[in-house]
Amino acid sequence: MIRVEGLWRTYQMGDHELHALRGVSETIEDGEYVAIMGPSGSGKSTLLNLLGCLDSPNRGRYLLADEDVAGLGDDALAETRLRRIGFIFQSFHLVPRLTAVQNVEMPMIFAGITPSDRRRRAESSLAAVGLSDRLGHKPNELSGGQKQRVAIARSTVMDPGLLLADEPTGNLDSRSGAQVLDLLAELHAGGRTLVVVTHDPAVARRADRVVVMRDGEIVKRVRGEDINDLNGLFDISSEDDPSKQDMNTAREGDETKAVVPEKPV
Amino acid sequence: MNPLDLLRFATQALLQNRRRSGLSLLGVVIGVVAVVSLTAIGEGALRYVTTQFASLGSSIVNVSPGKNETTGGMPHGIGGVPNDLTLQDAIVLERRVQAVRAAVPVSVSTDIVSYRERGRSSRVVGVTSEFQQLQRLDMASGSFLPESELDRGAAVVVLGHKVAQELFDNANPLGATVRIGSWRMRVIGVLQERGQQLGMDIDDVALIPVASGMRMANKSSVNRIMLDLYPKSDSKPVIAQVKKILIDRHDEEDFTCISQDAVLASLSSILAILTLVVAGIASISLGVAGIGIMNVMLVSVSERTDEVGLLKALGANQRQILQIFLLEATMLSSAGGLIGLASGTALVELGNLLYPRINAATPLWAIAAVLGLSLGTGIVFGVLPAWRASRLDPVAALQGH
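Residue numbers (my numbering), protein chains in the order written: chain A, 1 to 265; chain B, 1 to 401.
Please keep in mind that the hints were generated in silico from the structure rather than gathered at the bench. Nothing here was measured: the structure is a model prediction, and the numbers come from that model. Hints may be right or wrong, so weigh each one.
As the list claims (entries may be wrong) - Sample of chain A residues at the chain B side, in silico, Cβ under 10 Å:
{"#": "1", "residue": "75"}
{"#": "2", "residue": "77"}
{"#": "3", "residue": "80"}
{"#": "4", "residue": "82"}
{"#": "5", "residue": "97"}
{"#": "6", "residue": "107"}
Said to hold, decoys possible - Non-contacting residues of chain A with respect to chain B, defined by C-beta distances greater than 10 Å in every case (computed):
{"#": "7", "residue": "64"}
{"#": "8", "residue": "188"}
{"#": "9", "residue": "209"}
Built from N, CA and C at the ideal position, the CB exists for glycine as well.
Okay, chain A solo, but in the shape it has when bound (with noise of 0.2 Å):
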């Protein structure tokens, strides 16, 4: 289970602080798959990097199975990502000079896992993926949806409990998108926790809950399948703010940049 109470996420823009959190609280439930929804700048990316003990709150307890982990130092942190958490971006963050198996070697390789077995567990991860042929190629040499397909295989060869999507299917086109979405459903479906950071309400939909947020809380909150046209979700932001960005035409490159400030306090 995953725990986090009253966190806050504060930076320091020069000379005025931005809260990217503002005392946000949230049970997710082993083997629950969440969305996450929001405009630009609502605080949701920041809410996955602290899931993803990439960042520390300012205040606030986050706890993973029942560990205060926002109290630990950069080594601990370090490892609890290893073991225990795997990443997939929206722009895949493949090591373009290796090649697929390599990429996917990569966090046994911090691990200390012996080549001979990290090979083994490579190969039969890129082959949960159907990449099995495409084992030497270098992401160069695959398509977009290959690449997040080489990197959901990357994220899952530790077999981490709790998995951290943003905005997986965002570079992707629609049918290479419905075959990852198929895949993480795939690890959902084997009990993995999912959590997913997404504009995308073909995405947003087949999570078991959509948490909304805006300006740093989390405002509402709504079963996946409940989730049949974005107006539902779109009057919490347009009622109260109507110049606030529209999320039909929130372009994903804006949202990573606009969540990200210059310098961390």
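Once you've looked at the hints, dock chain B against the given chain A.
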């Protein structure tokens, strides 16, 4: 991280940007080549001097008139030379100093040596028969000066190679009579060619008995006395003994007595210091190369910020990231060191082919120093970029900031 994985990862990263890696490698290579070749030349010069002295005979003690300290570099005679060295001094030294195999009095003058219409201004050196062994002279033809009483000067001459060549071309000089000044001397031998040797050209001399030389120059003294010691004798006690005897005879220390060893030793130490200085200057270029490596690594870290972010997201800790980037810098510098050593050695060998007289060879200490230095360069100048990479904030790094 397993060292092998680390090595492979760093290698792949370096190969990704071949040109940049290659250029910073080149900086190290140039520095190392400079150190390797310059020390090799220094070492070659040292060896050259040493072998030259060895061919002169290592255990020679020279006695010359005048005291260095009192004459203060002025020509002999001006500083005050009350007692010249005489033939009798030589006889006494040979008789009384145990370690002396032979004492050879030497008189030197310059005169025209001529045969028929050809003449050549040469050094006319008066010596004894022992001079041959002392200087390890080989005969091209004929024989060396015969043994005789010191004060008996026969009218015979042994010509150096060049003098014989000039006067006789290819004709046989043996038995011919040459003129030296107003004297007539019969040629009894010709020396084998030897070449310039520490400023003394033994090919351009005419050797005559010392008594004849003194008479020719109208002098009652000799220019120096060379003492040829028995092999393996220590020159220090010999010098002490010589001084004591001569002071006894002259009533004061109006001569200078030095061993060839001492000259060799001081010359060697000057050359060694010179080599060290030159190598030191050359190794500054290694420091410059180190800054080049640092620059390349800093650029590499900032270009690969998102990769560092990824490594962190995948679970690499700070130490592992530090290791990766430090190893890259170290590999650059040590590869540069090895390539530089190889090409520097090749350069030295090429130089040896072109100039075989100076047998240049990089001394072992320089090889060890240059390899250590290039490795150290990578570590020292790689630390800052690697440390920076390891400290990157993963969230910002993943965005490429």
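Hints, one by one, checked against the model:
1. 75: holds, 5 Å
2. 77: holds, 9 Å
3. 80: Constraint on residue 80(A) satisfied, holds at 8 Å.
4. 82: This hint holds: residue 82(A) lies near chain B, its Cβ roughly 2 Å from the closest one there, short of 10 Å.
5. 97: holds, 4 Å
6. 107: Status holds, d = 5 Å.
7. 64: The assertion about residue 64(A) holds, with a minimum of 14 Å to chain B.
8. 188: holds, 21 Å
9. 209: holds, 25 Å
Of the hints listed earlier, there is not a single one the structure fails to meet.
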